[in-house]
Amino acid sequence: MPRDIAPGDAEWDEVASRLANFMESMTASDKRRIAADEISFRRFCAHAMQHIANFLGFTLKNIDEFVRDMGWALKSGWQQGIERAQVKRLRP
Amino acid sequence: MNDSRSYLTKAIGWLRSNNPHVTEEQWAKTEEMLAKKAEEASPPTIALIGLTGVGKSSTINALFNSGVNVSHHRPCTQTAQAIEGDLYEYTGRRGTIVVYDMPGLGENLAADERHYATYCQTLPNVDVAIWVIEAPSRTISPIEVALRRLRRHCGPEVVDKIVFAANKIDRIHPGESAWIKQANMPSLEQKETTELYSNFLFESLGSEVSRPKDSIVCYSATRRYNLEVLMEQVGAHAPDDRAWLLGKVADVADFKELVDPRLLAWIQQKQHGDIRGANRDA
Numbered sequence: 001m002p003r004d005i006a007p008g009d010a011e012w013d014e015v016a017s018r019l020a021n022f023m024e025s026m027t028a029s030d031k032r033r034i035a036a037d038e039i040s041f042r043r044f045c046a047h048a049m050q051h052i053a054n055f056l057g058f059t060l061k062n063i064d065e066f067v068r069d070m071g072w073a074l075k076s077g078w079q080q081g082i083e084r085a086q087v088k089r090l091r092p
Numbered sequence: 001m002n003d004s005r006s007y008l009t010k011a012i013g014w015l016r017s018n019n020p021h022v023t024e025e026q027w028a029k030t031e032e033m034l035a036k037k038a039e040e041a042s043p044p045t046i047a048l049i050g051l052t053g054v055g056k057s058s059t060i061n062a063l064f065n066s067g068v069n070v071s072h073h074r075p076c077t078q079t080a081q082a083i084e085g086d087l088y089e090y091t092g093r094r095g096t097i098v099v100y101d102m103p104g105l106g107e108n109l110a111a112d113e114r115h116y117a118t119y120c121q122t123l124p125n126v127d128v129a130i131w132v133i134e135a136p137s138r139t140i141s142p143i144e145v146a147l148r149r150l151r152r153h154c155g156p157e158v159v160d161k162i163v164f165a166a167n168k169i170d171r172i173h174p175g176e177s178a179w180i181k182q183a184n185m186p187s188l189e190q191k192e193t194t195e196l197y198s199n200f201l202f203e204s205l206g207s208e209v210s211r212p213k214d215s216i217v218c219y220s221a222t223r224r225y226n227l228e229v230l231m232e233q234v235g236a237h238a239p240d241d242r243a244w245l246l247g248k249v250a251d252v253a254d255f256k257e258l259v260d261p262r263l264l265a266w267i268q269q270k271q272h273g274d275i276r277g278a279n280r281d282a
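Those sequence lines, one after another, are chains A and B.
Sequential numbering of the first sequence, starting at 1, is according to the working numbering.
Sequential numbering of the second sequence, starting at 1, is according to the working numbering.
Hints in this document: simulated from the structure, not taken from any laboratory.
Computed from a predicted model, the values in this text were never measured in an experiment.
Treat the hints with care, as some may be off.
[As the list claims (entries may be wrong)] Dumping the calculated EDC-like pairs for lysine to aspartate or glutamate here, alpha-carbon to alpha-carbon at most 16 Å:
#1 B:K181 with A:D13
#2 B:K256 with A:D64
#3 A:K31 with B:D254
#4 A:K31 with B:D251
#5 B:K270 with A:D30
#6 B:K181 with A:E14
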């Protein structure tokens, strides 16, 4: 059977502190996954859009840039990815 | 990735502003067709490899159904040549995945040879593979040999879609009795053994896979320990444009449900105390 600890035990604070760190790392992992899923979905959209555009007879500009910016957003989050894309669009 | 429609709107909004030459009518049609494509995308497909009893089912339940057993699986009709193991549709709370449940290696040479043929046939067709190993198993050489052969016969991309999942780390040395029940965490000694085991896997499999650090995850399905990292890596090993489908159906069992509420309250109090202290200092 796993062992028990209780408040007041010498180990309690140390375990709680380790647990807090672990929980933080799990939250960070979850956030990274959600950000990666967003990028993945945009890649899916980009590929599908290209097919649709061909089918409907028009050409989409900036679709590669769209995927690239979203790839960068994986590291910094969706909002910053959009901001970066907007800044680049305004660049002369 | 539970609200693909709102992401779809964001994605189209961005492209729309960058493509003023596309008419409103064309955009309306494009949006409609794109939504249809997203709806109709085939369910994610996972190969699950491992010896009997390593915890393959509990791993799938822990990642895709909040840790709750699914009462039955719907077997899929085999369209290709029959494979060893089971092929079934698994429907969790958030959707369906297709699972190829395949035997692990290390029973005997003849069986390993058959299993290897199954991997060659199946792995190229799945989005991601989870190879479940029971920690601290050291029977790794058959896996090394299989990876080397897979790389040669099927290409490196097939090997690079495998996540090596070392389950049951709650039982790792010095044993289950060392697991700290209230925190639902390994003791320091177990943590150290887990790191050693992870290094052992890294050294054994590192030369066969491109991203060994990311491809090896130690966890416990029944204790729900480190599942977020396992799910993250499962997504990271899927094709770029298909990982979101896994995210859409992911329903990772909450590890905190098995933690003593007094510990969670202690942490919350401490965090609030730190914030109040920081505010006072400011």
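Tested hints:
Between B:K181 and A:D13 the alpha-carbon distance is near 15 Å, which keeps this suggested pair within the 16 Å criterion. The hinted pair formed by B:K256 and A:D64 fails the criterion: a straight-line CA distance of about 41 Å is larger than 16 Å. For the hint linking A:K31 to B:D254, the alpha-carbon distance of about 15 Å falls within 16 Å, and the restraint holds. The straight-line distance between the Cα atoms of A:K31 and B:D251 is roughly 14 Å, inside the 16 Å bound, and the hint therefore holds.
Between B:K270 and A:D30 the alpha-carbon distance is near 23 Å, which puts this suggested pair outside the 16 Å criterion. Straight-line distance between C-alpha atoms of B:K181 and A:E14 comes to about 14 Å, which keeps the hinted pair within the 16 Å bound.
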